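Participant: Okay, here's what each chain looks like letter by letter:
Number of protein chains: 2
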Amino acid sequence: MVRAAQTTEDLRRSNLSAVLRQVHFSGPISRTDLTARLGLNRSTIGALTSELVDAGLVTEQAQAGGGRTGRPSLLVRPESRRVHTLAVAIGVDRITAARVGLGGVVLDRRDTGTSREEYSLESVVGTVRAFARSLRAAAPSEAVHVGTGVAFCGIVHGEHGEVCFGPNIGWASEPLGKALADSLAEVYGRHRPVSVGNDADLGALAEHARGAATGCDDVIYLHGDVGIGAGIIVGGTLLAGTDGFGGEVGHMAVRMEGGKQCGCGARGCWETEIGEYALLKAAGREGVGREAVESVVLAARLGDTDAQQALLRVGDWLGFGVANLVNIFNPQMIIMGGMLRGVYLGAATHVRGRLRTATLATHRESVRLRTPVLEDDAPLIGAAELAFARLLADPLEAAR
Amino acid sequence: MVRAAQTTEDLRRSNLSAVLRQVHFSGPISRTDLTARLGLNRSTIGALTSELVDAGLVTEQAQAGGGRTGRPSLLVRPESRRVHTLAVAIGVDRITAARVGLGGVVLDRRDTGTSREEYSLESVVGTVRAFARSLRAAAPSEAVHVGTGVAFCGIVHGEHGEVCFGPNIGWASEPLGKALADSLAEVYGRHRPVSVGNDADLGALAEHARGAATGCDDVIYLHGDVGIGAGIIVGGTLLAGTDGFGGEVGHMAVRMEGGKQCGCGARGCWETEIGEYALLKAAGREGVGREAVESVVLAARLGDTDAQQALLRVGDWLGFGVANLVNIFNPQMIIMGGMLRGVYLGAATHVRGRLRTATLATHRESVRLRTPVLEDDAPLIGAAELAFARLLADPLEAAR
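Each protein sequence line maps, in turn, to chains U and E. For the first sequence, the positions run 1 to 400 when our numbering is used. For the second sequence, the positions run 401 to 800 when our numbering is used.
This is chain U alone, in the form it adopts within the complex (with noise of 0.2 Å):
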């Protein structure tokens, strides 16, 4: 309950801190623009954008005269192209890794579908270390690598990934953050840090920094392949739990009696009404993946109707959770992201009518559902931003 006390070098800190988040989340803005938004004055902005001037951070020039007299505010850059991160996102059907610059510019990008029986912590390791020596072949002499972050598809113990459980891709229990630290360390010829989150976590970071969730402090991003995870923000912070396990709602119960058999033991967990094997089940198809439901999809909107009448058996299980989540949390944004994309945007009409029937009208009002504006992209953008947070949250000493 306590609040910790403050000293002088906190508040530089802090203050170089929330200039930097600025230029970071809002783009080039003027000194102007930065001393009317943090409410310091004139000189101290000054003062500030100065070191991180000095730090390589940023950069400062004169705005194209916009007609007004007088001196223009110089305008502040990030130095998208000079400090970048490496961002991974390790998919249960594909692996990406990106070059992503501040103020998240994605620079450079390697990408490579894989099949989740032959995942192996080599594997997924030869790989990542492979794309990371491509991109910086690639990159600019001056580039700045400030740190590593990954989402992976499964559950992450310890912000650097020490054990990462994939029940999906059949990982059991891997070191994968230090695996990855240590190979990454060849490739940059010096140890970075690597930090690991949980990818329906850093999709739901990232939609809130840069997508359809900006400005919203009360996001819930759901994120489906063959199990189903939120990354869930509360108040502008995401809902870690006391282990960092929280948000995963597929194993919500949805049936007390009569459930199917679910991969953690349970039964009747919502994953097994609404993942990639409830749906192609459904719909009587062979075959698992993206590309499989992507296909059901397809076929309902040309008028299969197996394929319509799967898509709305699922609709209305995602509505019937949905609106669990909704009475529980009160949010004001849900953001269906993986294969419930394809689901919600099939089957819209029943889950809003689902939501009708089942949500306390207060809060029905205020909420909205949803795609992802960054697509698919959106755990790699967050992965970016979770290897920016030490340098947004320190700037002189990350940036070091």
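These aren't lab readings, by the way, just hints derived from the structure by calculation. Computed from a prediction, not measured in an experiment: that's the story for all the values here. In this text, a Cβ means the ideal position worked out from N, Cα and C, and glycines have one as well. Treat each hint with caution, since some may be false.
Claimed, not checked - So the derived list for chain E, only partly shown, Cβ under 8 Å to chain U, looks like this:
1) 618
2) 635
3) 641
4) 651
5) 656
6) 658
7) 661
8) 728
9) 732
10) 758
With chain U's structure known, arrange chain E on it following the hints.
Facilitator: Using the frame of chain U, we list chain E on its own:
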């Protein structure tokens, strides 16, 4: 995403706030311990405590000699008998008011049973005014009232209780906060802020500050009477939701089909299976209210098989919903308050059995189930904390 920048005036205010919070939540504490806990130097702490002494919020006195040599560190105490709030709890069956001193001490109290059929805004305001007048008459002449906090058994719109909905006491939409503020101004001779919160939310705050969940930053406090609500603390902060209506877990649907009609208009809500009516009906009892519930719990303990069956049935559904909350929130603790306390104590094995089969192993290991240390006073103590919040955030301004 952007943190506000800070000035030296913010810094002083936040340090005064940090010191007063320590004294309020930890009780009497020496200057030396304040120095250590807050990481500030001795002279800064001395200056801050002197300001708080001048404002009449704390006293400083030499400690009784502990056998150590040298000048003993001054002991800083909250001015509990002088600085106080009026805390009010408006429950379904009972209205309570108390004078609660800085440091969370209940100095004096009044209460009365009520019938939920006879509730009206006028009768509630009249009762609270009479209690406030009586408490004031009994208070020492130097006592300073710094505000009123109210725990209300329903949905509260606005931090000052601009509109309150109490479906379980027949309130559609009442301006409780304004009516109380006007009425109490007559008692205290001037307008003082009245803050109103949901009783489950305030129970959570109280158990977090001074009860079972001290030191736990991820806690769910469940409150049961006719309805079921939750106060949910995520990372140390109360989950509000976008309108302040978060935590309506009683309206989590637990049946897709065949659910009972709920007061909210939907079917199959959790509270239709575990609320007061569900228990009394399952036990074949007439009557309503906490006493009727307690008589079922007692009968079960004495061997009445109908009462036992009813308790186990409700306990099973209690475990079903609690398991969902464990998977969604990964909390460190869940506290069963109101009528759920008796249900949980009478069916603990059943509740825990359901948790064993329906929660993720990682989540199950971390969660503890508890009953409120503050017992039925949790919402009342939370109401006092609500009223102290302004003073704690800005001690000198609010003490004026």
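Participant: Against each hint, give a clear statement of whether it holds in the structure.
Facilitator: Here's how the hints hold up against the structure:
no.	hint	verdict
1	618	holds, 4 Å
2	635	holds, 6 Å
3	641	holds, 3 Å
4	651	holds, 4 Å
5	656	holds, 6 Å
6	658	violated, 10 Å
7	661	violated, 12 Å
8	728	holds, 6 Å
9	732	holds, 4 Å
10	758	holds, 5 Å
In the structure shown, a violation is registered for the earlier hints numbered 6 and 7, in ascending order.
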